[in-house]
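K.L.:
Taken in sequence, the protein lines are chains A and B. Per this note's numbering, residue 1 is the first one in the first sequence, and the count goes up by one each step. Per this note's numbering, residue 1 is the first one in the second sequence, and the count goes up by one each step.
Think of the hints as simulated: they come from the structure by calculation, not from any bench. One or more of the hints may lead you astray.
[To be verified] If you anchor each label on the Cβ, the simulated ranges turn out as follows:
{"hint": "1", "chain 1": "A", "residue 1": "D78", "chain 2": "B", "residue 2": "E260", "range": "15 to 25 Å"}
{"hint": "2", "chain 1": "A", "residue 1": "S87", "chain 2": "B", "residue 2": "T337", "range": "45 to 55 Å"}
{"hint": "3", "chain 1": "A", "residue 1": "T16", "chain 2": "B", "residue 2": "E165", "range": "49 to 59 Å"}
{"hint": "4", "chain 1": "A", "residue 1": "Q15", "chain 2": "B", "residue 2": "A215", "range": "23 to 33 Å"}
{"hint": "5", "chain 1": "B", "residue 1": "R176", "chain 2": "A", "residue 2": "T81", "range": "51 to 61 Å"}
{"hint": "6", "chain 1": "A", "residue 1": "T81", "chain 2": "B", "residue 2": "G149", "range": "21 to 31 Å"}
{"hint": "7", "chain 1": "A", "residue 1": "N93", "chain 2": "B", "residue 2": "I78", "range": "18 to 28 Å"}
[Claimed, not checked] Derived pair list, reagent style DSS-like, types lysine-lysine, alpha-carbon separation capped at 27 Å:
{"hint": "8", "chain 1": "B", "residue 1": "K72", "chain 2": "A", "residue 2": "K92"}
{"hint": "9", "chain 1": "B", "residue 1": "K90", "chain 2": "B", "residue 2": "K110"}
{"hint": "10", "chain 1": "B", "residue 1": "K242", "chain 2": "B", "residue 2": "K324"}
{"hint": "11", "chain 1": "B", "residue 1": "K242", "chain 2": "B", "residue 2": "K2"}
{"hint": "12", "chain 1": "A", "residue 1": "K19", "chain 2": "B", "residue 2": "K272"}
{"hint": "13", "chain 1": "A", "residue 1": "K92", "chain 2": "B", "residue 2": "K272"}
{"hint": "14", "chain 1": "A", "residue 1": "K92", "chain 2": "B", "residue 2": "K6"}
{"hint": "15", "chain 1": "B", "residue 1": "K196", "chain 2": "B", "residue 2": "K6"}
{"hint": "16", "chain 1": "B", "residue 1": "K188", "chain 2": "B", "residue 2": "K161"}
{"hint": "17", "chain 1": "A", "residue 1": "K92", "chain 2": "B", "residue 2": "K2"}
{"hint": "18", "chain 1": "A", "residue 1": "K19", "chain 2": "A", "residue 2": "K92"}
{"hint": "19", "chain 1": "B", "residue 1": "K90", "chain 2": "B", "residue 2": "K109"}
{"hint": "20", "chain 1": "A", "residue 1": "K19", "chain 2": "B", "residue 2": "K72"}
[Stated by the list, open to error] Computed from the model, here is a short list of chain B residues facing chain A with C-beta under 10 Å:
{"hint": "21", "residue": "E67"}
{"hint": "22", "residue": "G94"}
{"hint": "23", "residue": "F120"}
{"hint": "24", "residue": "G326"}
Cβ atoms here follow ideal geometry from the backbone N, Cα and C, with glycine treated the same way.
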Amino acid sequence: MNNKQATTKSTVRKQTHHKLDARNILCPLPVIRTQNLVLTLPEGDTLDVSCTDPGALCDIPAWCRINGHEIVEARITDPDTNEVLISIRVGKN
Amino acid sequence: MKTQRKAISLISGGLDSMLATKAILDQGVHVEGINFYTGFCVEGHTHAIRKKDKAKPKRNNALWVAEQLGIKLHIIDIIEEYKDVVINPKHGYGSNLNPCLDCKCFMVKKAHEWIQENDFDFIITGEVVGQRPMSQRRDTMPVIQRESGAEDRLLRPLCAKILPETLPEREGWVDREQLFGFNGRGRKPQIALAGKMGIEDYAQPAGGCCFLTDAAYSNKLADLWTTRGERDYELDDIMLLKVGRHLRPRPHFKLIVGREEGENRFLEGYRKQFTHIIPISHPGPLVLVDGNINEEDLEIAARLTARFSQGKKAASVRVEVHSKKGDTTEMTEMDVTPYRIEDIPTEWYL
Ligand code: SF4
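Work out the full structure: start from the sequences and follow the hints.
P.N.:
So, in structure tokens, the structure goes:
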């Protein structure tokens, strides 16, 4: 008799949350930093990018849209310092 | 089944690269875009800095073009490697410090490396024979192919018909008959083609894609090299050349004067790196001092700061001087008489 039990393997992968400080640099550098980090991340991970160039509010979401990553949120967090926050859910690289 | 061929397209954000890419996409080729960031690109920076430009919509044209065409875009930071192109251009400069031919060779070379690493078949550019006096001439087209190493894997869809056949055409990956034979400086054929392709919105063709074609910017860069005694730069140097009024009262120091709130805020980011002066009795600019200054220089710098403050007509303006001493900053206050405009030699302005 075969005592071995049938097992179903399920891989549970923890999704990790990352942060990127892209403040005090001008576009397109925040996009480049975001791109270079996202390319190293597995699908499903999330990333918060903080920037002070308000152009990033338009450029990072545009980069995400064309490269298949999801924008969870994009907003101005401090109008005095122009600080913006963009939250991304990584898609398939 | 026929393999779908893959091309990388150099996307500048202008109309020509957009048309060239669309022409190849329409032939069923898989196209992705590549855009190089040299540090001198005009994209966004000054708009991002200057407050008065805040109302204008800001967009990165390369990203925008990629989105319109529905293709991926890879933005590559080439700041470090590009220095050698700007500092030692083998083919020399254009009318300012723009090394266009070397720049094109370098970018196509980088694109060629990229296609080898990513298993793509060929490279597309929006070049048109005769469009630009330095880099887009009939005799420079083969130079770019040769020096980049891309050889006949470089296809220029907008003028392919008047150039020798390339690999993608020979192999039937693209149909040469459906490409174009544009020639010369005119923009009409491109505008007509855009109409035919249903492209209505695009960035207006400008004099060049970077600050190096700008005479005032090039003068400031040349000044930086002369006064430092070496042709070199860091990213911060070339960023600061885009901001503020630059005055050089003495060979060993210059002032960078914020012209409005946005620029002052941008310059604030450099306070720790530079001695800087701020008027306190009157509203006024943040002024960075680039170079080592003595007492006499400091007085000139403080009086100029006063001149650009709202106390320019006052008998005296109080300024705060934050002198950088190694890793620490020492703060002093000074009362100075603002320069009269006629006492500022024009040659001080860069
Ligand atoms: S204008 Fe600037 S970016 Fe464009 S080809 Fe010339 S040097 Fe290169």
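K.L.:
Mind listing which of the numbered hints don't hold for this structure, in increasing order?
P.N.:
Those not satisfied are hints 4, 6, 11, 13, 22, 23, 24.
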